[in-house]
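Spelled out from the first residue to the last, the chains are:
There are 2 protein chains.
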Amino acid sequence: MSDNQNVNDQNLVIFMPSGRRGRIEAGQSLLDAARQLGVEIESICNGRLTCGKCKIQIEDGDFAKHGIFSSQNHVTPPGEKELELLDSMNSKGCRLSCSAFIQGDVLAFVPEESRAQKQIIRKSATERVIDINPAVRQVYVEVDKAFLGEHRGDWGRLQDALAKQFQLTDLSIDLTVLRELQANLRKKDWAVTVTIWQEKRVIDVQPGYIEGTYGLAVDIGSTTIAGYLCDLRTGKILATESMMNPQVTYGEDLMSRISYAMMHKDGLEKMHTAVIDALNRLAASAAREAGLRPRQIHEAVFVGNTTMVHILLGISPVELGGAPFALANRDAMDVSARELGLRFHPGANVHVLPSEAGHVGADNVGVLIAEEPYNQDEIVLTVDVGTNAEILLGNRTWMYSASSPTGPAFEGAQITYGMRAAPGAIERVRIDPVTKMSRFRVIGEERWSDEWPQHSEAAVAEQPTHLAAGICGSGIIEVIAEMYLAGILLPDGRFDPELEHELVQWNGRKGAYILARGDQASGGKPILVTQDDVRSIQLAKAALYAGAKLLMMRAGIDRVDRVVLAGAFGSYIDPKHAMILGLIPDCELPKVYAVGNAAGDGARIALLNREKRKEAQTVAHWVKYVETAVDPDFQNEFVGAIHLPHASDAFPHLAGLLPEVKEVVGENGRSRRRRIKS
Amino acid sequence: MSDNQNVNDQNLVIFMPSGRRGRIEAGQSLLDAARQLGVEIESICNGRLTCGKCKIQIEDGDFAKHGIFSSQNHVTPPGEKELELLDSMNSKGCRLSCSAFIQGDVLAFVPEESRAQKQIIRKSATERVIDINPAVRQVYVEVDKAFLGEHRGDWGRLQDALAKQFQLTDLSIDLTVLRELQANLRKKDWAVTVTIWQEKRVIDVQPGYIEGTYGLAVDIGSTTIAGYLCDLRTGKILATESMMNPQVTYGEDLMSRISYAMMHKDGLEKMHTAVIDALNRLAASAAREAGLRPRQIHEAVFVGNTTMVHILLGISPVELGGAPFALANRDAMDVSARELGLRFHPGANVHVLPSEAGHVGADNVGVLIAEEPYNQDEIVLTVDVGTNAEILLGNRTWMYSASSPTGPAFEGAQITYGMRAAPGAIERVRIDPVTKMSRFRVIGEERWSDEWPQHSEAAVAEQPTHLAAGICGSGIIEVIAEMYLAGILLPDGRFDPELEHELVQWNGRKGAYILARGDQASGGKPILVTQDDVRSIQLAKAALYAGAKLLMMRAGIDRVDRVVLAGAFGSYIDPKHAMILGLIPDCELPKVYAVGNAAGDGARIALLNREKRKEAQTVAHWVKYVETAVDPDFQNEFVGAIHLPHASDAFPHLAGLLPEVKEVVGENGRSRRRRIKS
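Quick mapping for you: the protein sequence lines, in order, are chains A and B. Under this note's numbering, read the first sequence as residues 148 to 825, first letter to last. Under this note's numbering, read the second sequence as residues 148 to 825, first letter to last.
Extracted from the complex, chain A is given alone in its bound form (with noise of 0.2 Å):
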């Protein structure tokens, strides 16, 4: 035991589950301990017995000097305020690392929920942990009280309790935060709690003890904005939100934008104040359903594709419309909120992720610090299904980059019935390949559409709580792939002309399926698929077929180790039915993952872990860009992969799964595949 201990000893200790160990002085707390010794715990209040942080636990220890023994007596005993504290916290028998004074040899304990280096587990294609480091942090300070006599003045005062008691030293204040410094520091008896940004910046001074910071992570798509509103202490999503771009007014697809841009004196101010004012408003529906008010947003990370991020920052994208496609600004950014006129707390900053080239944006970037790929060893092709693809393909060694031009009709947009993913929106489609009837799913409703009861007979509770209202990204992918399946469709994307059937409609030579029946939809007409769906969707995954096929070919290899499907519409993308319709190359179907929204995510990591808005430069720099824009074998490869995949084409690991078909000529002398009818 320890009672023959000297106290001024230097007294061993360590602290599990990092095991970091050492030498330290008698005398001191448990937390100064910990930050000797780069073990982080958090504390926030510092010492006061306010915020109850810092709990540890005190275990048995085995040192080498004593043989096992508990070290309980080798600290200074608590005080009532601190068996108070734990007490209400339900943690007896810990301690609070701040109290407790070492006398002796010490082996500590530090629980999760104490560590100043939180984590989250991400779902992704591989399950990845996301350390919480974000770029505010939160203290609370006591400061001098002014008195006659001594002239530093507040933000003075405020600095040297800041460098006192958390070493933060070399600080400016934000000119709004000045502003109301003085009544602030007033109102609870100069006890403060201080918002720094990087360790340099001042952004929020608030009266007495106040515990909560709040980031915002958007990715600005071309057709659809989706924001996660964050726990900045937790990394915990606390709403998400995702909303029409309302620059689709002014053009659908990037080109029609920058068109815009280009045609109209006041076009990109428009577009700029419309983008803006979509942030304001998810931002206030967020902080809406997570219980805050936008103001208490102290930090945003942002993502979007180069002519997004460039509106966005209120620069023209005109040259991002004709080579060789000049970016602004290529690195990340850090700028004002509120100079931008987002109403966010006023300090708050935005930072936007970097850009790799012209056509690859920030939010390729932010699938790249999602998804890892520059980690892994396998050949990974990450594809970002939206109104542009971002495709990035390889592995920790080279990486190359690619963007296509896709359109809008993933996103629901140029699909007759199409919409963004919002409650209603058919999500999920199968169609049986003998009755060609379909059942599908709707955002918001559980059951499947088979399992709905009949109108008539049904009492109200039973009624799904939401009809069919139009399809959204994912669901319009997996009903073409089914009508395919189902031989409604030839492998050239017609309607079979030869299939009579009371769910196809024909309007002179172009076919139209009746996906949902005008009972099952919420406005009392059916919900049909035609032909120029088809047609669109055939053009967009060529696209990014395409694209794909360009970087394996620049990369030199005929196949993928691994496929990572992102998109920020409707539920993730169904790898077999992406599969099926040829949106991405051969792979093996257990190794194609759908993610998500990874741009997204990636904004969140980045909002999350301030070390990856390093990485994410660094990476952004590191990739190889290829241009599909000007490149014949794009156009070759496009050209080709415009037909749907069939059981004798380039797609060995969907045998069993394509229709097999046969070469026949038609009357008019061309020859065409069909379907052998099994």
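Derived from the structure by calculation, the hints contain no laboratory data. Hints may be right or wrong, so weigh each one.
Any copy will do: because identical chains look the same in the list, a pair fits if it lies in one copy or spans two.
[As the list claims (entries may be wrong)] No farther apart than 20 Å at their CA atoms in a straight line, the calculated lysine to aspartate or glutamate pairs in the EDC-like style are these:
| # | residue 1 | residue 2 |
| --- | --- | --- |
| 1 | Lys-292 | Glu-774 |
| 2 | Lys-347 | Glu-388 |
| 3 | Lys-809 | Asp-639 |
| 4 | Lys-347 | Asp-317 |
| 5 | Lys-347 | Asp-481 |
| 6 | Lys-292 | Asp-478 |
| 7 | Lys-311 | Glu-187 |
| 8 | Lys-771 | Glu-297 |
| 9 | Lys-657 | Glu-645 |
| 10 | Lys-738 | Glu-525 |
| 11 | Lys-334 | Glu-358 |
| 12 | Lys-809 | Glu-231 |
| 13 | Lys-723 | Glu-807 |
Got chain A; can you put chain B on it based on the hints?
Chain B alone, transformed into the frame defined by chain A:
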């Protein structure tokens, strides 16, 4: 001679007049050599033969190796373009250092106009040299054009060019500049002039080669705002503007403004908006006078007392209204001009000098760096006369400061016919002791009033440009001192009741002196100096005197070596009249200097030389502030100083100038000092 010299030798290069020397490899330009040896030669175009700023003379040298020789042949001969440019500058025989490449030992003379570190002379108590080293700098740079397959982005390309051509790295770019960057780069074929703030931030990018960057220095007084528009390359003042501070609507002195902010919910905002509007008007008017636009102002330095600085920054001044007089911030600040609503260049920065204490602000720090008493051996008393007078006492080893609430009388406010220093203001006054007749001079008219022609008889051309409109600060000091010397006023400040004179009107027991006749005044009515005016000045001068005496008491001295009189109103204060009035303690008259608006000069110095900003920060912390408001010694001195000085008083240096007095006992039995009539 040099013919036997190996051109690969390290050659001795000497620059005069600095005498800096070193061995430089052959083939380098003399401009590069200068940079390596720490000799600053100006260059805007960096070797493109467009600016001609880097002109030098190559001299006969006395080198140990060669004896005396001409080093003309030790550099490459001039090309055609260089000769043309030199010719156009009338500088035949000179060379451009960027285009003269070293081939042997060289002795070069750098003429004054080519030195990057320029200097100007400032008139001061002692003449002072200001090194021109502003916070903003312009460079001309040619940027790599964007081409397909190269993805740096335009800002990346500009950064690379600035790093390569000017060794400027780690730069950031203002968002407003980034917004116009792509268009501006392309307007003149990727050649731009870049304005850089503090070697850190790009604040302007203009197409092509542009010369000229301008700054505004402003002293924001409680009553008067004075501004200087300067050429930041030459240091020259291009325009001087002054105007009334529109905040006077909300209160004449600081306390009433603070009350206004306290009593009115929108009080701060109203006063903030008023001063920002005024600064915008002042900038517009100064720019117009200089043939510029306010948008060409790239940098500003503001000084003012602490209340003015708080309101300028939009910070409530209420804490300054009561003990402990806590400042929001004591240190210097850099604030975006556009964030303050100032319509300068959108990338412009506003630097606000630091304050010393709750009642001694950036204006006093301006006086400090303009007068540099901290570099003197003699003990200097510096008083800055305004609505609040700031007082400095000390030398290079110690320095005290204080603030005295003199009220606005010295600036013409609270004076019956007072006005600010504008055309028509009486600024100089003499009164004949025998006839009691005045003669005066007004701003805008060189002749004294007794040289003006009589109205009825003179030609229009001989009429004064301005008639008297009122009395400004320097005028009011002179007229009261002259009234005292002429026996119109008694030592206690009363009008002599025994004096009956056509120029003195009586209203009961209150006299009034006719300074200007109706026919000399623009209003057509006489301009009077009333008993109340005299009382206002007595209170003001007593506050000033008491503040100075308090500092002398604290420093333990009973005399000062030198007095510097500063003030932003009218022409310089006449030292003799100031002393006769008892504004300042006794001093040898030739050692009393008037320096005009030293606070504004300090702002101008900090505008022209960024190193002076650091000096300001250091001395602001070093000066020991003495609080007058609560000091009983101040009250005593104040009461004792209300009378006007007399010959038997504490002013030995005024012997022969001041009236002799004797004690007389009045009818009411009280003793009074009466002048001994000569």
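- Query: Which hints, by number, does the structure contradict?
  - Reply: Violated: hints 2, 12.
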